[in-house]
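A.B. asks: Chains A and B supply the protein sequences, listed in that same order. In my numbering, each number is its position in the first sequence, counted from 1, plus 6. In my numbering, each number is its position in the second sequence, counted from 1, plus 6.
Hints listed in this document are in silico derivations from the structure and should not be mistaken for laboratory results. Given the structure is predicted, the values throughout are model-derived calculations rather than measurements. Glycine is no exception: its CB is placed at the ideal position from the N, C-alpha and C atoms. Among the clues, some could well be false.
[Claimed, not checked] Covered stretches of chain A, going by a simulated chain B footprint (3 or more residues, C-beta under 8 angstroms): (1) 102-110; (2) 125-136; (3) 139-149; (4) 164-172.
Number of protein chains: 2
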Amino acid sequence: VSRLSLNLITVDQWSLEEAVAGCAAAGIEWIAPWRHQLDGRSAEAIREAGLRVSSLCRGGFFATAPPGDNERAVEEAAELGTDVLVLVCGPLLDRDLRTARATIARGIEALAPHAEAYGVRLGIEPLHPMLLSERSAIVTLGEALDLAERLDVGVIVDAYHVFWDPDVEEQIGRAGGRILGFHVSDWVTPAGDVVASRALMGDGLIDLARLQRAVEAAGYDGPIEVEVISEALRALPGEEVVRAVVERFAKMQS
Amino acid sequence: VSRLSLNLITVDQWSLEEAVAGCAAAGIEWIAPWRHQLDGRSAEAIREAGLRVSSLCRGGFFATAPPGDNERAVEEAAELGTDVLVLVCGPLLDRDLRTARATIARGIEALAPHAEAYGVRLGIEPLHPMLLSERSAIVTLGEALDLAERLDVGVIVDAYHVFWDPDVEEQIGRAGGRILGFHVSDWVTPAGDVVASRALMGDGLIDLARLQRAVEAAGYDGPIEVEVISEALRALPGEEVVRAVVERFAKMQS
Numbered sequence: 007v008s009r010l011s012l013n014l015i016t017v018d019q020w021s022l023e024e025a026v027a028g029c030a031a032a033g034i035e036w037i038a039p040w041r042h043q044l045d046g047r048s049a050e051a052i053r054e055a056g057l058r059v060s061s062l063c064r065g066g067f068f069a070t071a072p073p074g075d076n077e078r079a080v081e082e083a084a085e086l087g088t089d090v091l092v093l094v095c096g097p098l099l100d101r102d103l104r105t106a107r108a109t110i111a112r113g114i115e116a117l118a119p120h121a122e123a124y125g126v127r128l129g130i131e132p133l134h135p136m137l138l139s140e141r142s143a144i145v146t147l148g149e150a151l152d153l154a155e156r157l158d159v160g161v162i163v164d165a166y167h168v169f170w171d172p173d174v175e176e177q178i179g180r181a182g183g184r185i186l187g188f189h190v191s192d193w194v195t196p197a198g199d200v201v202a203s204r205a206l207m208g209d210g211l212i213d214l215a216r217l218q219r220a221v222e223a224a225g226y227d228g229p230i231e232v233e234v235i236s237e238a239l240r241a242l243p244g245e246e247v248v249r250a251v252v253e254r255f256a257k258m259q260s
Numbered sequence: 007v008s009r010l011s012l013n014l015i016t017v018d019q020w021s022l023e024e025a026v027a028g029c030a031a032a033g034i035e036w037i038a039p040w041r042h043q044l045d046g047r048s049a050e051a052i053r054e055a056g057l058r059v060s061s062l063c064r065g066g067f068f069a070t071a072p073p074g075d076n077e078r079a080v081e082e083a084a085e086l087g088t089d090v091l092v093l094v095c096g097p098l099l100d101r102d103l104r105t106a107r108a109t110i111a112r113g114i115e116a117l118a119p120h121a122e123a124y125g126v127r128l129g130i131e132p133l134h135p136m137l138l139s140e141r142s143a144i145v146t147l148g149e150a151l152d153l154a155e156r157l158d159v160g161v162i163v164d165a166y167h168v169f170w171d172p173d174v175e176e177q178i179g180r181a182g183g184r185i186l187g188f189h190v191s192d193w194v195t196p197a198g199d200v201v202a203s204r205a206l207m208g209d210g211l212i213d214l215a216r217l218q219r220a221v222e223a224a225g226y227d228g229p230i231e232v233e234v235i236s237e238a239l240r241a242l243p244g245e246e247v248v249r250a251v252v253e254r255f256a257k258m259q260s
């Protein structure tokens with residue numbers, strides 16, 4: 007399980023301190039915190055526990071983010087010792103998808119020099135199309151790569167968000183060295199709430215092993231983030247979630 | 007509103023007889039019934055009311071449909087006097103998307119000669135990717151067209167299912183004469199339940215006018231089906247739903 011990174015939204019019932027202690031106790035070596043979980047002492051606490059940070063979630067929301075906020079996210083990533091800032095690029099706010107997507111492109115372009123100055127790579131994460139009006143107007147890996155190639159940034163491949171795409175394996179192959187992260191969880195039926203109904207790996211219909219092979223064939227060999235946004239998991243004690251994550255991850259890698 | 011066709015799932019609180027009477031009273035000229043709404047007298051009742059049938063919903067579900075069931079759907083379409091059978095091709099049942107999609111292709115191929123013999127055209131309707139494991143493993147118009155071109159059948163463009171796709175206008179252009187139907191409703195936020203949370207045209211984020219222009223530029227000038235699968239609408243009296251549909255449709259066309 008040395009490649010397992012726990013994306014801390016999975017255990018958002020915990021404070022960052024509790025999550026750091028819980029991961030260290032479970033033998034997890036990597037974590038990926040969200041910005042709302044951070045305070046001034048987080049970087050030190052993570053380092054002291056011997057953990058590494060695979061990515062910071064998240065920058066983006068380019069149509070609505072306060073001025074300077076994405077720049078601060080870049081700086082926070084650097085301070086945490088990760089070179090990956092995940093971008094959730096922001097939802098469709100009205101009927102004008104073209105403008106929404108152009109706003110996102112301009113936002114990334116404006117942020118890129120700051121990220122480069124801090125040694126942080128920007129990873130555009132395409133989200134499932136059902137989250138178009140909730141989270142992200144970038145909804146396919148192909149579209150994310152069109153942007154990433156043009157702006158010379160990276161992409162994040164989250165299995166839950168892209169597995170449905172008939173074109174996904176071809177696009178993963180195209181992505182090659184631009185893949186800055188691979189996220190896993192699972193898709194269950196009935197799908198329930200569009201935001202927080204993900205499941206642990208193995209409980210659903212995503213062929214995670216196949217997607218992992220594709221991502222690895224494209225050259226990605228970094229941490230694999232387990233990111234399970236789930237009301238059900240949030241209702242459990244964090245220790246129990248961590249135990250299940252480690253077990254499922256080990257099974258997925260065997 | 008002479009192009010308005012009411013897809014009768016929108017008023018599923020009504021029997022077919024009630025829906026026929028309600029549509030005729032509202033000046034609607036076209037309807038699209040679902041198979042579960044039909045009985046042996048339906049074709050005659052529709053004809054007697056002076057209504058025409060734009061399509062029959064639905065054939066498909068190729069992995070699970072009982073033998074002969076899709077052939078019967080073709081015959082029912084012919085009996086209703088429509089030459090369009092909408093295909094909802096069936097969900098992903100396990101982790102094997104490739105096999106699910108191959109099963110669908112074989113199913114359509116096997117059904118096509120029967121449809122041709124009855125003068126019925128098969129329309130593959132790609133459904134929103136969030137319905138992959140509930141309804142349809144065919145989730146993009148591009149994928150539907152790959153199949154439709156290979157098997158020489160048609161496609162259905164439902165705005166709700168395809169509007170998110172960065173490639174949708176290009177694919178509509180590619181579809182040309184294969185477009186056998188254009189369905190409208192709207193996408194609201196929060197998205198709620200993945201199956202039955204559609205909204206009336208104008209209440210959400212879909213640029214329906216733009217999609218209609220694209221479909222018309224591709225050559226489609228047939229009926230436009232209003233298909234609003236919505237728990238909220240089903241709780242209203244059918245007359246009220248029909249009134250709102252006619253009003254919204256007229257506004258959409260103005």
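A.B. asks: Would you pick out the hints that fail for this structure and give their numbers low to high?
C.D. replies: Of the numbered hints, all hold.
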